[in-house]
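Participant: Given chain A, work out where chain B should sit, using these hints.
In case you want the letters, here they are:
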Amino acid sequence: MLDIRRIPIPALVGIVLTTLFVLMAVFAPWISPHDNAEIVGDVWEPMSAAHWLGTDNLGRDLLSRMIYGARITLFIAVLATALSFSLGAILGFSAAVFGGWFDTLLSRLVDLLMSIPTLIMALVVLSVLPSNLVTLILVMGILDSTRVYRLSRAVAVDINVMDYVEAAKLRGEGSGWIIFREILPNALSPLVSELGLRFIYAVLFLSTLSFLGLGVQPPDADWGGMVKENKDGIVFGIPAALIPAAAIAALAISVNLVADWVLNRTTSLKGGRG
Amino acid sequence: MLAEGLTLASPLMSPIVKLVAQRIALGILLLLAVSVLIFAGTQILPGDVAQAILGQSATPESLANLREQLGLNQPAYIRYFHWLGGVLTGDLGTAMSSGQDIATSIKGRLWNTLFLAFWAAIVAIPLAITLGLIAVRYRNGWVDKLISGVALASTSFPEFFIGYLLVFYFAVQHQWFPAISTVYDGMSLGERLQAIVLPAAALTLVVLAHMMRMTRAAILNVMQSAYVETAELKGLSAFAVIRKHAFPNAIAPIINVVMLNLAYLVVGVVVVEVIFVYPGMGQYLVDHVTKRDVPVVQAVGLIFAAVYISLNIIADIAAIVANPRLRHPK
Numbered sequence: 001m002l003d004i005r006r007i008p009i010p011a012l013v014g015i016v017l018t019t020l021f022v023l024m025a026v027f028a029p030w031i032s033p034h035d036n037a038e039i040v041g042d043v044w045e046p047m048s049a050a051h052w053l054g055t056d057n058l059g060r061d062l063l064s065r066m067i068y069g070a071r072i073t074l075f076i077a078v079l080a081t082a083l084s085f086s087l088g089a090i091l092g093f094s095a096a097v098f099g100g101w102f103d104t105l106l107s108r109l110v111d112l113l114m115s116i117p118t119l120i121m122a123l124v125v126l127s128v129l130p131s132n133l134v135t136l137i138l139v140m141g142i143l144d145s146t147r148v149y150r151l152s153r154a155v156a157v158d159i160n161v162m163d164y165v166e167a168a169k170l171r172g173e174g175s176g177w178i179i180f181r182e183i184l185p186n187a188l189s190p191l192v193s194e195l196g197l198r199f200i201y202a203v204l205f206l207s208t209l210s211f212l213g214l215g216v217q218p219p220d221a222d223w224g225g226m227v228k229e230n231k232d233g234i235v236f237g238i239p240a241a242l243i244p245a246a247a248i249a250a251l252a253i254s255v256n257l258v259a260d261w262v263l264n265r266t267t268s269l270k271g272g273r274g
Numbered sequence: 275m276l277a278e279g280l281t282l283a284s285p286l287m288s289p290i291v292k293l294v295a296q297r298i299a300l301g302i303l304l305l306l307a308v309s310v311l312i313f314a315g316t317q318i319l320p321g322d323v324a325q326a327i328l329g330q331s332a333t334p335e336s337l338a339n340l341r342e343q344l345g346l347n348q349p350a351y352i353r354y355f356h357w358l359g360g361v362l363t364g365d366l367g368t369a370m371s372s373g374q375d376i377a378t379s380i381k382g383r384l385w386n387t388l389f390l391a392f393w394a395a396i397v398a399i400p401l402a403i404t405l406g407l408i409a410v411r412y413r414n415g416w417v418d419k420l421i422s423g424v425a426l427a428s429t430s431f432p433e434f435f436i437g438y439l440l441v442f443y444f445a446v447q448h449q450w451f452p453a454i455s456t457v458y459d460g461m462s463l464g465e466r467l468q469a470i471v472l473p474a475a476a477l478t479l480v481v482l483a484h485m486m487r488m489t490r491a492a493i494l495n496v497m498q499s500a501y502v503e504t505a506e507l508k509g510l511s512a513f514a515v516i517r518k519h520a521f522p523n524a525i526a527p528i529i530n531v532v533m534l535n536l537a538y539l540v541v542g543v544v545v546v547e548v549i550f551v552y553p554g555m556g557q558y559l560v561d562h563v564t565k566r567d568v569p570v571v572q573a574v575g576l577i578f579a580a581v582y583i584s585l586n587i588i589a590d591i592a593a594i595v596a597n598p599r600l601r602h603p604k
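Residue numbers (my numbering), protein chains in the order written: chain A, 1 to 274; chain B, 275 to 604.
Here chain A stands alone, though its shape is the one from the complex:
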């Protein structure tokens, strides 16, 4: 038990917690004691047998809000990560395979986007875009795809000069085959270890945007939005805002633990790329 490095207890904890969060999100309507928007009591009631986590700033059951919040948080973060991965990887591989002006143009554009903080760029575009879920996911996914683009391009440039890719080109395969059948399978392991980190980033980024009032709009709320709703209670000693904030931290840490473990496993199996 003491030798944590041999027995990956952190990984185990991470897996269990992540699974719990996912189950909570999937089965939200069945396990939450009250409805998401139902007002069940006074404002900011303390924790009690009836309301395990107390009530929020409008008298809604905080536990139910947390469970539904898990659903919204995970849903948006998963979609944004999926978008940033598919977009970043496809563009990155294409840039490596086609090269030339296509590569130069995309790479300089990505350099430009990455030369200012993601949050600042997101705030700039969100000042004119309509506030809805599709916009939010698109903005998060596209801005984050720059990082995936850099990684996939770097990996694909290495793979693109391998003999088997050369052979495929000589036997007349098209770019689609080269990208999806030759490069993708070989680039998968460094990309998968990046997946966890990008997901954590998506969760934190979404929470930050919602906390600033620019993410998920009321009456729905992700965890970041719930912190915003309940933050005024803090100065009166009401810790309701700390609960969703702690949940974000717990989710990020659990995924981090799993990602670390996966990274160690893949590097020790493959003899260590990335």
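If you're looking for bench data, these hints aren't it; they were derived computationally from the structure.
Careful: at least some of the hints might be erroneous.
Sample of chain B residues lacking proximity to chain A, with all beta carbon distances greater than 12 angstroms (derived) [what the hints assert, rightly or not]:
#1 Lys292
#2 Leu293
#3 Ser331
#4 Asn347
#5 Ser379
#6 Ile380
#7 Trp385
#8 Leu401
#9 Arg411
#10 Leu463
#11 Asn523
#12 Ala579
#13 Ile583
#14 Asn597
These stretches of chain B come out as covered by chain A in the derived footprint (C-beta under 8 angstroms, 3 or more residues) [stated by the list, open to error]:
#15 297 to 311
#16 445 to 452
#17 557 to 571
Every beta carbon over 10 angstroms from chain A, so not counted as near; a handful from chain B, in silico [said to hold, decoys possible]:
#18 Ala332
#19 Phe389
#20 Gln468
#21 Ile525
#22 Gly575
All C-beta atoms, glycine included, are put in the ideal place defined by N, C-alpha and C.
Facilitator: What follows is chain B alone, placed relative to chain A:
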């Protein structure tokens, strides 16, 4: 730094001067490109910006008014050059929501933000370097593991979790510091410092973990070199090895790490200012994004980008200047 280099323009210094000048020129070019990006970012909406800002219930007159005000009747590139010309002459335009001059409203806030970031940096930098050194000295021991564990955890914490935890314990339960950091003109330095203790602490914690991990990595990298092994073999104590041999060589990467993390402060400051209702640039930006006040968002976005890019340039220049191979070319 450039001027200093030029006065010493001996053949010995020239490669550094050349590199530094190149880096600055590149930075200015990048800043120009970023100004295009920020301007374009507020034009990406397909359809009518005025409609999007005012909503569906807007009257035709108010729409026409707003279009006139935003200059939407002109093509985008003319509006861009008009805006850029204004920015270069210090005229940032007027805020749509309040009709106030943006440059005037920003001046005090920029100072407030820099004041907060400065004190956070003053605390964070020495602390991060010391902790990094300790982690290397007791490498793989429990101190190192504890520091690494805490660092890993705190990179997973959202800024507002750290911020509100601090408020909850130090402002609400113990009432040592104010929960809301009000600053106003005519406040003494002591009062100001008292007001920003909690936001500065939150900012410090936000960047500390990252800075410390990168410092540790930079020193470890140097520790694996041959001259450090020699120093160890001739019997120097572990701290003497770090202080005399490892640290001087690790200083360039550490400066780089520090500057990169100061750039990270730029993002942290936006959230921290909102948490503590601190009258700085971040709060101003977020408020006006919500109000869809495009001129303010463009101006503040550009200032944030400029600070970020400048810090990155300074990091590069520091790395160039601190590199002994460039200082003493063969």
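Participant: Give a verdict on every hint.
Facilitator: Checked hints:
The claim that Lys292(B) is not at the interface with chain A holds, since no C-beta of that chain comes within 12 angstroms of its own (minimum 22 angstroms). The claim that Leu293(B) lies off the interface holds: its Cβ sits roughly 19 angstroms from the closest Cβ of chain A, which is beyond the 12 angstroms cut-off. For Ser331(B), the condition that its CB be more than 12 angstroms from all CB atoms of chain A holds, with the nearest at approximately 15 angstroms. At roughly 18 angstroms, the least C-beta separation between Asn347(B) and chain A is larger than 12 angstroms, which holds for a residue marked as non-interface.
Non-interface call for Ser379(B) relative to chain A: holds, since the shortest CB-CB distance, roughly 17 angstroms, exceeds 12 angstroms. Under the 12 angstroms C-beta cut-off, the non-interface status given to Ile380(B) relative to chain A holds; the minimum distance is some 15 angstroms. The beta carbon of Trp385(B) sits about 19 angstroms from the closest Cβ of chain A, which is more than 12 angstroms, so the claim that it is off the interface holds. Even its closest Cβ contact with chain A, about 22 angstroms, leaves Leu401(B) beyond 12 angstroms, as expected for a residue assigned away from the interface.
The claim that Arg411(B) is not at the interface with chain A holds, since no C-beta of that chain comes within 12 angstroms of its own (minimum 20 angstroms). A cut-off of 12 angstroms between C-beta atoms confirms that Leu463(B) is not in contact with chain A; the least separation is 26 angstroms. Every C-beta of chain A lies more than 12 angstroms from that of Asn523(B), the closest at about 26 angstroms, which supports listing it as non-interface. Distance check for Ala579(B) against chain A: the nearest CB is about 4 angstroms away, which does not clear 12 angstroms, and the non-interface claim fails.
Not every C-beta of chain A lies more than 12 angstroms from that of Ile583(B), the closest at about 6 angstroms, which undercuts listing it as non-interface. For Asn597(B), the non-interface assignment is confirmed: its Cβ lies about 23 angstroms from the closest Cβ of chain A, beyond the 12 angstroms cut-off. For the region 297 to 311 of chain B, the proposed coverage by chain A is satisfied: 4 residues have a C-beta within less than 8 angstroms of a C-beta in that chain, meeting the threshold of three. Beta-carbon proximity to chain A at under 8 angstroms applies to 3 residues in the region 445 to 452 of chain B; the threshold of 3 is reached and the given coverage holds.
Under the rule that three or more residues need a Cβ within less than 8 angstroms of chain A, the assignment of the region 557 to 571 of chain B holds, with 9 such residues. Every CB of chain A is more than 10 angstroms from the CB of Ala332(B) (nearest about 14 angstroms), matching its label as outside the interface. Even its closest Cβ contact with chain A, about 20 angstroms, leaves Phe389(B) beyond 10 angstroms, as expected for a residue assigned away from the interface. A cut-off of 10 angstroms between C-beta atoms confirms that Gln468(B) is not in contact with chain A; the least separation is 17 angstroms.
Every CB of chain A is more than 10 angstroms from the CB of Ile525(B) (nearest about 26 angstroms), matching its label as outside the interface. Interface exclusion of Gly575(B) from chain A breaks down, the closest Cβ pair being 5 angstroms apart, not more than 10 angstroms.
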